[in-house]
Amino acid sequence: MSISADRFWRENEAVLAEVMPQLQVQRDNFYSQPDWDVYQLHYTSADGMWLFSWLSVPKGDGPFPVIVRMPDYGSVHDIVYTSLRDRAVVMNPTYRGQRRSDHSIQAKYPGLLTEGIGDPSSYVMRRVFVDVLRAVDVLYEQNLAQIGKMAVIGAGLGGSLALAVAARRGVVDAVAANTPMALGNPLAFEPGLAYPLAELNDYLRMYPDQRDAAAQSTADLDPLNIASQIIAPVLLSVGINDNGSCPVAFGEELASLIHHCDLRVYHGASEGGGHEHAQIQMSWLSDKLGLG
Amino acid sequence: MATQQDLEAFSTQVTCPDDFDDFWSGTLEMLSGISLKSVITAEPIRSNDDVHVFHVTFLSLGGLEISAWYSLPTKGDGPFPVIVNFPGYKSEPPVRRDWGKKGVAVLSVAVRGKLMSSSEFNPGYPGLLTAGLESKENYGYRGVISDCVRAVDFLHSRPEIDPERIYACGSSQGGGLTLITAALRPEIKGGVAGYPFLCCYPEAMTMFQSYPYDELACYARAYPGDEEQTLETLRYFDAVNFAPRIKCPMVVGIALDDEVCPPETSYAAYDALTAHKELWLFPNSGHGNAHDYPGQERAWLENQIGLTAVGS
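Heads up: the protein sequence lines correspond to chains P and C, in order.
Position in the first sequence (from 1) plus 161 gives the number in the working numbering.
At position 128 of the second sequence the residue is numbered 123 (the working numbering), and the sequence of numbers has no breaks.
What the hints contain is simulated information worked out from the structure, not anything from laboratory work.
Don't take each hint at face value.
[As the list claims (entries may be wrong)] Simulated crosslink set (DSS-like; lysine-lysine; CA at most 30 Å straight-line):
#1 C:K97 / C:K242
#2 P:K269 / C:K70
#3 C:K70 / C:K184
#4 C:K32 / P:K269
#5 C:K97 / P:K269
#6 P:K449 / P:K220
#7 P:K269 / C:K96
Make a model of the complete structure from these sequences and hints.
Here it is, written out as structure tokens:
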């Protein structure tokens, strides 16, 4: 890891440590089901930002395995949906700017990827990574369910967030990252990419004198920085036609740096392995979490 | 995974209300009484060598201001053929720059409730599917559908657009809205509806426990006495009832392992089409992730617009 990236993570951990989560839990009677309860969690992150998370808890006695599904790049993070939710605690946390976590910052799509990028101290995406660390920490504050093994999963930006959490939190037992966004990697600024990464080149075309500042703001977030710190096994999928989130060369380099990485390369684009991989991932997660 | 035989054997309980056409002609009449008041603002940061990108606003049902991304080719004076792109349920409308090089304009609509169009109506996701279900007049989708109609009105008002070459596409909710809008606006000359949502609500809400349809199941559980009224409202917003009213060529794309929009329900909308139609079935694919779908959609639209022959 670069000295700068190491400092970034240490400083943000320190910032997080100074903010109490102030966790508030509310059962959602409307969306709770006969076989699982749905909760709305509210808690604070760095800068005192209030964040929201969906949490579903199976009926019955724990401990339950946990799946944390990281949010992708978009305004909405789903209410919990996975066929495993009757056997596992599932958390879908949002980051600042997404709906329900937008009291102070309302993210724009496109737009968030370059919000404040002219200065590392104002670049919103740096705090987005902190927000999901806080979400995982909150899981250990709640008393709704005893939790067992933990998997973090995600696609696109959510894939990168899942990898970052696994690198920073030793409690993670498995990671499934689909087409993790190459934010922070120099290739993300190249012209000719599709959205969302194309937002970066849009910015440079508009503000060419900001190239160095933008590179500095994003560099610490490059998943390559933290790849070697991930101890948990990783299932990684990429699509050979993806030029908007995880170009295949980036995905292959990332996989090469992770200790235990099962890389799957598909003929898709940003959907990665699509339906085929979704089935593989479900089976893989069930195995890693002991869900049978 | 469903088979084509499963789809063909499926029969929906959805029927068309007697006053369906009156309800929608009344809604269109209300719309026609609202001035469009469109405003077009350049978005230089999103523009490139192929397209000029603009942020557009116009007024829709209830006087709500609706936004859209409008991409015009940089080369040529027009009038340009255009594709109106309807959004998915929870996703924000994309800036479409991929058609500019082909000389095709794109309007990507942020229906009410999307971030750019949420100042006066913002039920959220989940939330939209059940907002105002107590009556057809107040149901949120009356406004959403009106916003799509207004998008076509906007294009018709533009001198740079060829009014004879307006096409529509979208996936999931965008697929449902493609079907519905094509029924209400004969100015649309063809469309591609992928994995269409908004079809066969009574069945769709019980076939899988997946959102968004599960919002309806949650609503039914929360308000058990309202089920009859709820289903009555939804009859006016079911793509199956719009499908026979479509006069232009239409494609319906269905993933046979779709656990979000059950394939049987999407097929029912296809089956109800009476104009020229095509069915694309994608085995071993789920909701929105058939690898071949984007390429087929592009080829079909290029052919309809008159750019190339399919397969060339």
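Now for the hints, and whether the structure bears them out:
1. C:K97 / C:K242: holds (26 Å)
2. P:K269 / C:K70: Holds, at roughly 29 Å.
3. C:K70 / C:K184: holds (24 Å)
4. C:K32 / P:K269: holds (24 Å)
5. C:K97 / P:K269: Since the Cα atoms of K97 (chain C) and K269 (chain P) sit roughly 28 Å apart, the hinted pair holds (cutoff 30 Å).
6. P:K449 / P:K220: holds (21 Å)
7. P:K269 / C:K96: At roughly 26 Å apart (the allowed maximum being 30 Å), K96 (chain C) and K269 (chain P) satisfy the hint.
Comparing the model with each numbered hint stated earlier shows that all of them hold.
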